[in-house]
Every structure is written in structure tokens, then in C-alpha cells.
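For the protein sequence lines, the chains are Y and L, in the order given.
End of the first sequence sits at 486 in this note's numbering; the numbers just go up one at a time, nothing left out.
End of the second sequence sits at 304 in this note's numbering; the numbers just go up one at a time, nothing left out.
These aren't lab readings, by the way, just hints derived from the structure by calculation.
Any given hint might turn out to be false.
Unchecked claim - Lysine-lysine pairs mimicking DSS-like chemistry, simulated, CA-CA at most 25 angstroms apart: (1) L:Lys231 <-> L:Lys279; (2) L:Lys129 <-> L:Lys212; (3) Y:Lys254 <-> L:Lys129; (4) L:Lys20 <-> Y:Lys254; (5) Y:Lys455 <-> Y:Lys331; (6) L:Lys143 <-> Y:Lys331; (7) L:Lys137 <-> Y:Lys254; (8) Y:Lys331 <-> Y:Lys481; (9) L:Lys231 <-> Y:Lys331; (10) L:Lys231 <-> L:Lys185; (11) Y:Lys481 <-> L:Lys231; (12) L:Lys20 <-> L:Lys212; (13) L:Lys129 <-> L:Lys143.
Claimed, not checked - What follows is a set of in silico ranges between Cβ atoms, one per label pair, in the way DEER data are often shown: (14) L:Lys20 <-> Y:Pro238: 28 to 36 angstroms; (15) L:His78 <-> Y:Pro238: 36 to 44 angstroms; (16) L:Arg22 <-> Y:Val354: 43 to 51 angstroms; (17) L:Gly141 <-> Y:Pro238: 42 to 50 angstroms; (18) L:Glu128 <-> Y:Phe420: 19 to 27 angstroms; (19) Y:Val284 <-> L:Glu120: 19 to 27 angstroms; (20) Y:Pro264 <-> L:Glu92: 25 to 33 angstroms; (21) L:Gly141 <-> Y:Phe420: 43 to 51 angstroms.
All values reported here derive from a predicted model rather than from experimental measurement.
By construction, the Cβ of each residue, glycine as well, lies at the ideal position given by its N, Cα and C atoms.
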Amino acid sequence: MTASPITPAVPAMPFSRTVRAYLSDAKYESIRLFRTPAFSVPILAMPILFYSFFGIVLAGKSNIGQLANNLFVGWTVYGVMGPGLFGFGILVAVERNQGLLTFKRALPMPTGSYLASKLMMAYVFAVAVMIMLVGIAVTMGHVTLPAATLIRMAAVMSLGVIPACAVGLFIGAYAPASSAAAFANITYLGMAFLSGLFFPLSGFLHDIRSAWPTYHLSQLARASGGMKSEGEPLVHVAVLAAVTVVLVALAARKLSRKG
Amino acid sequence: MVAEGDGALARLTGAKKRYGATVALDGLDLEVRPGELLALLGPNGAGKTTAIGILLGLQEPDAGEARLFGRSPHDLAARRGVGVMMQEVMLPDALRVGDLISQVRAYYPDPLGFDEAVALAGVEKLVQRPYVKLSGGQKRQVQFALAICGRPRLLFLDEPTTGLDVTARETMWATLKRVVKDGASIVLTTHYIEEAEALADRVVVMAKGRRIAGGTVREIRSLVVRKRIDCVTAVELSAIEAWPDVIAVSREGERTAITANDAEGVVRRLLAADKTLADLEVRRAGLADAFAELTQEPAE
Numbered sequence: 228m229t230a231s232p233i234t235p236a237v238p239a240m241p242f243s244r245t246v247r248a249y250l251s252d253a254k255y256e257s258i259r260l261f262r263t264p265a266f267s268v269p270i271l272a273m274p275i276l277f278y279s280f281f282g283i284v285l286a287g288k289s290n291i292g293q294l295a296n297n298l299f300v301g302w303t304v305y306g307v308m309g310p311g312l313f314g315f316g317i318l319v320a321v322e323r324n325q326g327l328l329t330f331k332r333a334l335p336m337p338t339g340s341y342l343a344s345k346l347m348m349a350y351v352f353a354v355a356v357m358i359m360l361v362g363i364a365v366t367m368g369h370v371t372l373p374a375a376t377l378i379r380m381a382a383v384m385s386l387g388v389i390p391a392c393a394v395g396l397f398i399g400a401y402a403p404a405s406s407a408a409a410f411a412n413i414t415y416l417g418m419a420f421l422s423g424l425f426f427p428l429s430g431f432l433h434d435i436r437s438a439w440p441t442y443h444l445s446q447l448a449r450a451s452g453g454m455k456s457e458g459e460p461l462v463h464v465a466v467l468a469a470v471t472v473v474l475v476a477l478a479a480r481k482l483s484r485k486g
Numbered sequence: 005m006v007a008e009g010d011g012a013l014a015r016l017t018g019a020k021k022r023y024g025a026t027v028a029l030d031g032l033d034l035e036v037r038p039g040e041l042l043a044l045l046g047p048n049g050a051g052k053t054t055a056i057g058i059l060l061g062l063q064e065p066d067a068g069e070a071r072l073f074g075r076s077p078h079d080l081a082a083r084r085g086v087g088v089m090m091q092e093v094m095l096p097d098a099l100r101v102g103d104l105i106s107q108v109r110a111y112y113p114d115p116l117g118f119d120e121a122v123a124l125a126g127v128e129k130l131v132q133r134p135y136v137k138l139s140g141g142q143k144r145q146v147q148f149a150l151a152i153c154g155r156p157r158l159l160f161l162d163e164p165t166t167g168l169d170v171t172a173r174e175t176m177w178a179t180l181k182r183v184v185k186d187g188a189s190i191v192l193t194t195h196y197i198e199e200a201e202a203l204a205d206r207v208v209v210m211a212k213g214r215r216i217a218g219g220t221v222r223e224i225r226s227l228v229v230r231k232r233i234d235c236v237t238a239v240e241l242s243a244i245e246a247w248p249d250v251i252a253v254s255r256e257g258e259r260t261a262i263t264a265n266d267a268e269g270v271v272r273r274l275l276a277a278d279k280t281l282a283d284l285e286v287r288r289a290g291l292a293d294a295f296a297e298l299t300q301e302p303a304e
């Protein structure tokens, strides 16, 4: 035993500094990914290239009215899901492997800031993607919806970031770092095609389209834009919420066991 | 049992940990007292890194208990008093050094000023550089900056000077001395004996997950009773070998080297046997010798 009678106290963390820690983590997570071309280029450029190619060049003169709106919703849902899915899917797997997560766990990083900063990063990227897609839609994509409607649709679609992050987190928690990117890509493209974002489905694939989160998000977006939609908005929201909760719970189980 | 008021900043009590068939910790007791630099010495696989990992809450002990500031290491409030430099860590490549320091500073209630942290760690010239562009030694310096930037009361440094050049190592040593002088405690693992001799207030020698010796550098050295006698003498080697307490004798050129437990007795006999004896020298084993001897398992 030493002579010192009292364990020196650690100064308390004021609430305002905790908030600042969350914001600073979100800021640096976004900055570093904007500076990582392997992440930022595909996430930002792919939806724009695809939308420009399929929605404007290929669709040509037939791209009017309902078709123009369909293409806009399809590619925007696709674009919005990307940052969360890849941001969590690849990064969590890689950082688990690299020891970055271990280092962060040793630091007094606020609980939840690791995930919250990635969620905020995904939002920042998703908003950037949406701004560009809406810009293309109204200038070249023959989308004639009123501005207020477009903003409402964008707000609804931005909710898709959350289930996208959950899907990504699930992949990142279970996939090995070396193959996480492949799993994320297959899941991303698979969900987009199988939920009928880009072209109508038929037969068995049509019957199981509601299995994919992207389907529910696109139906919500269509409903919010006054477009023809399937199902009840509340059901879509409930499915997206349920998918999120289940995948996050499964991921949390894996991550807390092994770090 | 750990009471809040016993003065230890960090404490392991009877900590055991195995990885499969490998025993990493075998009932380790360890305490870190206020204002001291504690060096953990031991060969690879001695359990030094595991001990730190458990104190930081990165691993769970199979048995025993870890306390940080009298709390569980999982308690965020406890870790706010701690700075860490781990052996293997990858930091986000795309961030600049300044970004990394700002980000880690934000986790602490009362961090060092940005410029102060940068200057203390000696990384002024690196602030604008992306982390990925740094050399191995520069990365270690930046990791050191991250460890101290939160003004921690307790620093865990796992082999901090590995890979540093001489100047960088001296800068780090000077900073460590200053950090301790300012009242913080440091736990340092190292392979460099001279690092422990230069810096440590207290040394704990570990082998195979156990503490095999502990004390000041001087105390550790004195645990090793062997001494080495060098001289120029005409006495036959075979005669010296037969004396009590002589462990080994060798002759190189004209110098004779004798390893003995009771140096005084051997010297007395030498002087009596040889009036021409010259160049007598008696040395206590250095920490390096002590360390090598202590970590050798007698059974092996």
C-alpha cells in the first residue's frame, strides 16, 4: 500500500464536451472518407453515371412522365443506400482486422460514437448524392415534380441511410476483411435489382420483391411523391425498422463477443 | 479486494488469462502508484501486453480482477484518465496528423492544448502530413502524441521506442520524465533494458505470465547475487575453480574472468595467493544480466 490516501479522481466530462466528441468524430470520419478515393469515387460517381446513362442517354425521348419519375426514384434509392452499406460493410470489417477498433475501445471515445460517426458520414454522403441526382433529374432527366415534392421525397429517401447502415454493419461484423467488399457489392446490387428499382420484375422474383429493404424504401418514396405505389406506408416503415433492429442486434452480438 | 482509497491508479489482482493452450497470465498482481514510472520487463510472451490489455478493458481476465482508478476498466470515466500507445495499431490513413490529434483530444475532459501536445511529442513538422505518408518511426511519434494529448493521469506505453531513431527516442524520454514530474504515472513495457534503467522508478520483471521480481532498478540488480571479477593473475585456473562460491572461470589473453556468488571471499583468496595480482575489477551484474538470469526458468 502506498502512502497516498485517495485515488486521484478523473475530471468529469461535461455534456457539452461529449457532444463535441460525437461531432468531431462524425466530422473526421466524413473528411477521411471524402479523401479516400476508393470509397468516395464509387459512392458519389456510380449513381450519377448510372442515372445519366440509363435515365437520360438510353431512355432518350421516351423518358417522359411516369418513366422519368420511376428512373429518378430507382437510382436515388440506389444512391442513398450506398454510403451506409459500404461505409459500415467494408470499414467495420477492415477496422476490426486492423486493430483500429481495439485502439478506439482503449480510448475514452464516447459509447456509440464509433457507429454514430459512421451513420453521420453516411448521411453526409447520401445528401451529397441526392443533391446531384435531383440536379440531374430536373435539368436533364425530364422530372417535372414540384420542388416541395422533390424535397419531401429526398427527406423520405434519406431515411434509407439507417437500414442501409444496419445491412452494412451486419456484413462488417461477420464478413472477413478480405471479402467484405465483395459481400457488400453483391448485397447492394442484388437488393437493387431484386426489388425492381431499375426494371419491372415478373414471376418468382416479383413475388419476393418485398423481402428487400430497397423495395420498401422505394415504395415510401413513391408514396411521398404522389406516385403510384404498393402497400401501406406504415408497413414499409415497420419492415425497415424491423430489418434495422434485427441486423444491428445480430451484429452487436458478434462484435461484443470478439471486438 | 480493491478499495477506492488505496492510492493505486491501476491494479490487477490475481489476473489469469489463457489463449487456447497458451497461458498468457498466470495469477498476476500488479499495481501502479501515483507519480511513478513503472517498467514492465520481460521476454516476448511474458504477458506484458496482455496485462495492459486487461487493465484497459480490451480483454477479460479468466480469473482475477482489474481496476482503473478504482473502477471497472469498461467504465468510460476510468478510461478518461488514461492515455494509450499500443504495439500494433493502424490509424485512418487519409487523416492528417493534426486531425488525428484533434479527434483524440476531443475524447478527454481537460486535454492539453493542441500546440502543447504537438510540441511535447515533437511532431511539429508532421502536423499537416497525412498519416499514411509517415515513416514507421514518425508513426510511433504520432501515436505517442495521441497518448499524451488528453492530459492523462496514467499512460500505458507498450514498447513505445521500438523503431525510433536516437533523437526521437531522446525526445520521448525527456517527455516521459516531464510527464511524470507533472504528476502522472506511466506503465511502460520495453525490451530495452537501458530504457528501464534510465526512466523507471520501479521495475516489475515478468516471465510466463507471472511476476518474478519487482522493485527499484537497484533492488532488481541486487537480487542477482552473482558478481564478475576481472584481474591479471598468475594463479592457475584449476586452482581458482576449486574455491568455494566460484561459478565459472575463464582466461582471455592475460586477463582472468571469474563469476562468483561471494566476490569478497574470492578476492581475499586471490590477493593472498598472488602478490603480483593486478588490474582488479569487481562488477555487479547490470540490469541486463539480472534480467536474463531472472527470466531463465530453472526447470529448463
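Here is what the structure says about each hint:
no.	hint	verdict
1	L:Lys231 <-> L:Lys279	holds, 22 angstroms
2	L:Lys129 <-> L:Lys212	violated, 41 angstroms
3	Y:Lys254 <-> L:Lys129	holds, 24 angstroms
4	L:Lys20 <-> Y:Lys254	violated, 40 angstroms
5	Y:Lys455 <-> Y:Lys331	violated, 47 angstroms
6	L:Lys143 <-> Y:Lys331	holds, 17 angstroms
7	L:Lys137 <-> Y:Lys254	holds, 21 angstroms
8	Y:Lys331 <-> Y:Lys481	holds, 17 angstroms
9	L:Lys231 <-> Y:Lys331	violated, 47 angstroms
10	L:Lys231 <-> L:Lys185	violated, 34 angstroms
11	Y:Lys481 <-> L:Lys231	violated, 55 angstroms
12	L:Lys20 <-> L:Lys212	holds, 11 angstroms
13	L:Lys129 <-> L:Lys143	holds, 13 angstroms
14	L:Lys20 <-> Y:Pro238: 28 to 36 angstroms	holds, 33 angstroms
15	L:His78 <-> Y:Pro238: 36 to 44 angstroms	violated, 19 angstroms
16	L:Arg22 <-> Y:Val354: 43 to 51 angstroms	holds, 49 angstroms
17	L:Gly141 <-> Y:Pro238: 42 to 50 angstroms	violated, 33 angstroms
18	L:Glu128 <-> Y:Phe420: 19 to 27 angstroms	violated, 53 angstroms
19	Y:Val284 <-> L:Glu120: 19 to 27 angstroms	violated, 57 angstroms
20	Y:Pro264 <-> L:Glu92: 25 to 33 angstroms	holds, 26 angstroms
21	L:Gly141 <-> Y:Phe420: 43 to 51 angstroms	holds, 49 angstroms
This entry does not satisfy hints 2, 4, 5, 9, 10, 11, 15, 17, 18 and 19, going by the numbered hints stated previously.
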